[in-house]
Amino acid sequence: MDNSVNFRRAGILLAYPMAYLYVRMFFFIDSSDWKFTGILTAMALVFILVSELVRRGRRPFDRRMKGETVFWYLMMIASAFTARFGPSEALSIFAMHLCAVYSVLVSNDLLLGGKTGGFIPADLIHGFYVKSFAGFPNFVTDWSAFGKKDAKKTRNGAVIAMAIGFVIIMIVFFSISLSFISQIDKDIAVMFSDYLDAIAKYFGNLEIDTIMFCAFFAIPVCFYLYGLMSRSAKSDGTREKRFGELLEDFLKRGRKVPVVISCICAGFFVLLYILFFAKRTAYFLGGFTGEVPDGQLVSYFARDGFFQLVGIMAVNMCVYLTIYLFETRTSEGHTSIPGRILVTLLMSESIIFAVIAMSKLWLYFSIYGYTPKRMLAMWGTLALGCAAFLSILTVNRGKSHFRPGVYFTAASYIGVSILSWIMGSM
1477 MDNSVNFRRA GILLAYPMAY LYVRMFFFID SSDWKFTGIL TAMALVFILV
1527 SELVRRGRRP FDRRMKGETV FWYLMMIASA FTARFGPSEA LSIFAMHLCA
1577 VYSVLVSNDL LLGGKTGGFI PADLIHGFYV KSFAGFPNFV TDWSAFGKKD
1627 AKKTRNGAVI AMAIGFVIIM IVFFSISLSF ISQIDKDIAV MFSDYLDAIA
1677 KYFGNLEIDT IMFCAFFAIP VCFYLYGLMS RSAKSDGTRE KRFGELLEDF
1727 LKRGRKVPVV ISCICAGFFV LLYILFFAKR TAYFLGGFTG EVPDGQLVSY
1777 FARDGFFQLV GIMAVNMCVY LTIYLFETRT SEGHTSIPGR ILVTLLMSES
1827 IIFAVIAMSK LWLYFSIYGY TPKRMLAMWG TLALGCAAFL SILTVNRGKS
1877 HFRPGVYFTA ASYIGVSILS WIMGSM
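Quick note: the sequence shown uses this note's numbering, first residue 1477, plus one each step.
Hints were generated in silico from the structure; no laboratory data involved.
Just to be clear, a hint being listed does not mean it is correct.
Stated by the list, open to error - Simulated restraints, written as ranges between beta carbons of each label pair:
| id | residue 1 | residue 2 | range |
| --- | --- | --- | --- |
| 1 | Ile1740 | Phe1604 | 35 to 45 Å |
| 2 | Pro1880 | Pro1814 | 22 to 32 Å |
| 3 | Asn1872 | Asn1479 | 43 to 53 Å |
| 4 | Tyr1883 | Arg1756 | 28 to 38 Å |
| 5 | Leu1748 | Gly1845 | 27 to 37 Å |
| 6 | Val1546 | Ser1480 | 15 to 25 Å |
| 7 | Pro1814 | Phe1753 | 15 to 25 Å |
Where is the CB? At the ideal position from N, CA and C, for every residue including glycine.
All chains, please: the whole structure from these sequences, using the hints.
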């Protein structure tokens, strides 16, 4: 028999247990328990297994696992494993979901831009909503993989099914008969009582109400998750490629803002920050020297202005993206020379802001010690600083560096989560 049929069958058989595990994990497992880490990690592994089975069953010509797919699988497992002891459990679980959906799209070559790039928000929307909900019927239609192909095997299957059903019926009849006999003989009644107590204890330990709740809500989850995998595996990427080209064309036609206007606007930001540095340099350098202004607590000094600095970095990134999206380009499709200069200055200022913010955070960290929020703030500052550096490379080289930025953000978060675990256990 063709292995692709076996893969399809295995994928669809494991889809519902995967959904059941998912529902039970989120509703009935205490996140403070190490059991949560184990089940969350197991959930990630089961998702990968089912995803690969469905992909290989539907795409027998593409059974090799690409390096990028392996990266996102590893990020999903790492996000799940570090969720409990990382700086933010909610962010880790959210990251696990993002990696899960994105890994399915990557493994089936369905990225709108053909590779990881600036269309990643559209890719995730495409995976979370379009592929998943459009693939809802697939959990029903894909059972065709179990069609009748061998009359002998079909007969054997019918015999086994009938035998199992027969035994179940006999057990029911035996219990009824035993109940009647127990009404006549007290010794048998005691035996029957013990028999029923054992059954009741067994089902009591199973928490029937919990099982029924998970079993019911696992149905739509199963349709959703399997729909994402099956719909993606059945797609050849033609529609995604066409839509990606439409998005790229839309962005090109939207770049009509004259260079003079964009440069004037960016220039105001650059000059504002130069004035800011000139006026407040001594104050912000205190994070490096450890010198705190007279009459001010170290805790207040370290926090004062930190979140504002991070906010300014985020605004600068938005300014750069606005220039990137709307400023007219050269005939070669590159940013204008004045635009490159101003963006380089703006992003360089963002890097300086990141260094200053990190110095203040490190001062606070060195005195008052580790907390998850401080570690998360450190990671956010580092990620924004890296984004600013990659933006400088992008505008000056004329080549997008979004992809390494995404890799760095994902990998650095896992690194911070592991470091958070180490610091928390010291």
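Honestly, which of those hints from before does the structure not fit? none
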